[in-house]
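2 protein chains.
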Amino acid sequence: MTRAYVLDTTLRDGEQTPGVSLTSDEKVEIARKLNELGVDVIEAGFPIASEGDYQAVKRIASMNLDSKVAALARTSKKDVELAVSAGVDRVHLFIATSDIHMKYKLNMTRDEVLKSISEWITYVKDRGFEVEFSAEDSTRSDRAFLIQAFKVAANSGAKMLDIADTVGCASPQLMADLVSQVKREIPGVGVSVHCHNDFGLATANTISAILAGADQFHGTINGIGERAGNVSIEEVAVALKTLYNVETGIRFEKIYETSKLVEKLTGVQVSKNKPLVGDNAFGHESGIHTHGILSNPLTYEPISPEMIGRKRWFMAGKHAGSHGIAAMLKDMGIQFDDVQLKEIVNQVKALGDKGKQVTDADLYAIASSVTGSSSKKFVNVEGMVSVTGVNVMPTTSIRLSYNERLFESSSTGIGPVDASLRAIQKALEGTMTLYLREYSIQAVTGGSDSLAQVSVKVEDEAGHVASSTFTGPDIVMASVEAMIDGINKLFLKRGNAKQ
Amino acid sequence: MTRAYVLDTTLRDGEQTPGVSLTSDEKVEIARKLNELGVDVIEAGFPIASEGDYQAVKRIASMNLDSKVAALARTSKKDVELAVSAGVDRVHLFIATSDIHMKYKLNMTRDEVLKSISEWITYVKDRGFEVEFSAEDSTRSDRAFLIQAFKVAANSGAKMLDIADTVGCASPQLMADLVSQVKREIPGVGVSVHCHNDFGLATANTISAILAGADQFHGTINGIGERAGNVSIEEVAVALKTLYNVETGIRFEKIYETSKLVEKLTGVQVSKNKPLVGDNAFGHESGIHTHGILSNPLTYEPISPEMIGRKRWFMAGKHAGSHGIAAMLKDMGIQFDDVQLKEIVNQVKALGDKGKQVTDADLYAIASSVTGSSSKKFVNVEGMVSVTGVNVMPTTSIRLSYNERLFESSSTGIGPVDASLRAIQKALEGTMTLYLREYSIQAVTGGSDSLAQVSVKVEDEAGHVASSTFTGPDIVMASVEAMIDGINKLFLKRGNAKQ
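In order, the protein sequences belong to chains A and B.
Once you know that position 399 of the first sequence is 399 in our numbering, the rest is easy, because the numbers rise by one and skip nothing.
Once you know that position 238 of the second sequence is 238 in our numbering, the rest is easy, because the numbers rise by one and skip nothing.
Isolated chain A, as found in the complex (with noise of 0.2 Å):
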């Protein structure tokens, strides 16, 4: 095995998320970057589901693309024929194989289970398409009955047989035997298998059945899918390359912008400690590990953030070091001795004691004050009124001061952030020219009186970039000073800090 086949099913079983809707143009925008991204089939859908999934598989089987497209359906007259009517390269089919959803789900027995594997599998063959067969629920099925009925699928013109671990319930010992057998038992055919994570197995028990030699696995971009979600793509083409020099088409610098965008279109957010997509998966903050990684990325880095298209961070806190600072420092421009540098650090401990996160602002401010730079702002929220209610236009007055003159502008937005922000890029017009990148707001929980964390990425006419993060009980207060201090992180870019 030196090469394993991804068949991406983020339309899928990604989609069947809950809570997710995609539109049909978010799946073609999505189908066409896991294209991109060097996926070798694309589950466009599940075209019985509703209107929109047909037509969404439809219009990506048109698309031309250089991954196959499949197209899921139970082994059911109406299923079938309407996957064979979307056009698609593959059908996928599927049935139960397991006692408990042969009971309880399908009130089939086993003779009719597979009657309806042969049959179905026969008539979608005989139409000239690629045929995958899952037996659902695999894992927990009688092995006998299972490899019986991977026997009937394959004599019937499977092309593929899926071992599908439908409730993440296996084990990396389980999979790597079953694979053993179906592949000893059913030569000639392609194995694949699609696990779920729900006990945090799923990458583990991917890359097991591969090693035991399947030819393809299923997986979505960011993991998602039902409960715990399905396996990472990401993680398991990563892995398979890095440990064991296990090749698949994933074409790895993607990696990040693709996670990206299916969290974008979906509305999963990533979490922050996911691996190699999450926000902190090369971000560091403590001083032992800045150091070492200032001194050589790979002493605290399994691999380089460029690899998939990203980047390290560093963040100052109370685990921070001097090396790390220091490093931070002299990113913002600012000049310090040793002296000060350890005050500095001592200053960013004590305020990550309090229980608070040290953002860019903070540390800014600690080194000016210490290094005794000028720490004024450039600009400055003199007053501020924002308004929103029932038949009320969400309305925001502000005064902003600027080099001792004073800005005032007023704009109605679709909520009040949106009129607060509106209403300080328009006060800063004739000074700069002012374009929010991002807006985002951490998830809030608790109270209505939560803490809620606000970053911006803000850029002027001449492609400066500053970020920003602001945490206060008031979302709009602090919309707004996330804004004013990337604003201010701005100025000092411009070169601007010596008028």
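Quick caveat, the hints were computed from the structure, so don't treat them as lab data.
Hints may contain errors.
Straight-line C-alpha distance at most 27 Å; calculated DSS-like pairs for lysine-lysine [as the list claims (entries may be wrong)]: (1) A:Lys264 / B:Lys356; (2) B:Lys103 / A:Lys356; (3) A:Lys354 / B:Lys68; (4) B:Lys103 / A:Lys342; (5) A:Lys77 / B:Lys342.
To give an idea of the chain B side of the interface with chain A (calculated C-beta under 8 Å), a few residues [claimed, not checked]: (6) Asn197; (7) Gly278; (8) His291; (9) Gly317; (10) Gly352; (11) Gln357; (12) Asp449; (13) Asp474.
One side only, chain A facing chain B, incomplete, derived with CB under 7 Å [as the list claims (entries may be wrong)]: (14) Pro297; (15) Gly355; (16) Asn380; (17) Val417; (18) Val444.
Owing to the predicted nature of the structure, the values given are computational and were not obtained by experimental measurement.
For every residue, glycine included, the Cβ atom is placed at its ideal position computed from N, Cα and C.
With chain A's structure known, arrange chain B on it following the hints.
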């Protein structure tokens, strides 16, 4: 191996997550919960990192918990003396043994590293403390040197030898091989593993080590930690028991509440598809799955959610089928026949095809219109204005109608959302006593005009509970809509529907 020991490092390696800073009080609260959960050892902190961390370790060590308390220290005088003076049960000493760490970070020769191990383990042991020794970056260390380092540690008095996969680059095979060799060559000493999740293999690597004979594993709640985090204790404990019948001391029924506490205090949001503890781990939307679950939960759930202190839930959406929708309608107290059910399902799917998440409120509105039952709201917002700003106390005035009567009130708050929700509670004071039990905002990405999704859980004086979610571009109004929808569901549950 029938019992694996758990060292929880949520308060140490978990807190090293960039941006996470816990106060001493928060650390004490988490330590108390970890003790209830049944972890064997709580690594309470790294005393040298900051004064606050030292004080927190000291406080936790004095709490007289059932769990042992450990503190981390490098093999150096200052670290060790601080750890010892904190009064912990166990000192966890570490130094790196890989060539890359010794050369680029430590600037030490192999002999210097061995000497340092021997010197500081002896020092700690002689003062009557239990010693655990970690060889940092074990998995990339020269094997012969690693074994030599562990032998020196054992001979100096370490009772536990920890194999640290510092950058998360081990495979399950490597971990098993390492554990076997250490057990074989250094008998009579405990062996531990410390796995990071950079390739998504931390759970599998930890389990592989335990099966190969390791006595203890390190991990964190929710898998927080540097980069992609440490292994998730909850995943390992549940998988060990369920798949391999290996016991830990973890009280499974405490897992979910522990996860929620750590999420709240660290601010590191658990992803929806996180195994076991993510929102979706026991949530179902698709028709096939919902149908199966309703017949027998084991069809689509590997374990019962109650086992870890949770409940399952269903959601309407484009993948939903008639069985799931029927169950949800019954739960809402809505009467329907088969023809109406079919129409409701069609309308839900059509809404999903437009890319919309179908909330309970949407389902209720659709069902009301299809069945012709009253969709009249009980409480309605007739007017509202909310204001915030600089030197402006966030204030909301609101007018609600209920049973053809009007109720007005105003309230200040910590922000406009807080003020608005307080105003609603005040307006209804004479009618119902309303508690806001949960308020959350889903993470927002995109621009300042992105949609925000707000969820609330409200409870009345009789213990009725209702949840609601609303999505809109104005976060203040979305919060009000979610609250009002939750209140109307409460009225439904109070049996006031016929008033």
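So, going through the hints one by one against the coordinates:
| no. | hint | verdict |
| --- | --- | --- |
| 1 | A:Lys264 / B:Lys356 | holds, 14 Å |
| 2 | B:Lys103 / A:Lys356 | violated, 34 Å |
| 3 | A:Lys354 / B:Lys68 | holds, 26 Å |
| 4 | B:Lys103 / A:Lys342 | holds, 25 Å |
| 5 | A:Lys77 / B:Lys342 | holds, 20 Å |
| 6 | Asn197 | holds, 6 Å |
| 7 | Gly278 | holds, 6 Å |
| 8 | His291 | holds, 6 Å |
| 9 | Gly317 | holds, 6 Å |
| 10 | Gly352 | holds, 4 Å |
| 11 | Gln357 | holds, 5 Å |
| 12 | Asp449 | holds, 5 Å |
| 13 | Asp474 | holds, 3 Å |
| 14 | Pro297 | violated, 10 Å |
| 15 | Gly355 | holds, 4 Å |
| 16 | Asn380 | violated, 10 Å |
| 17 | Val417 | holds, 5 Å |
| 18 | Val444 | holds, 4 Å |
Checked against the numbered hints given earlier, the structure breaks hints 2, 14 and 16 and satisfies all the rest.
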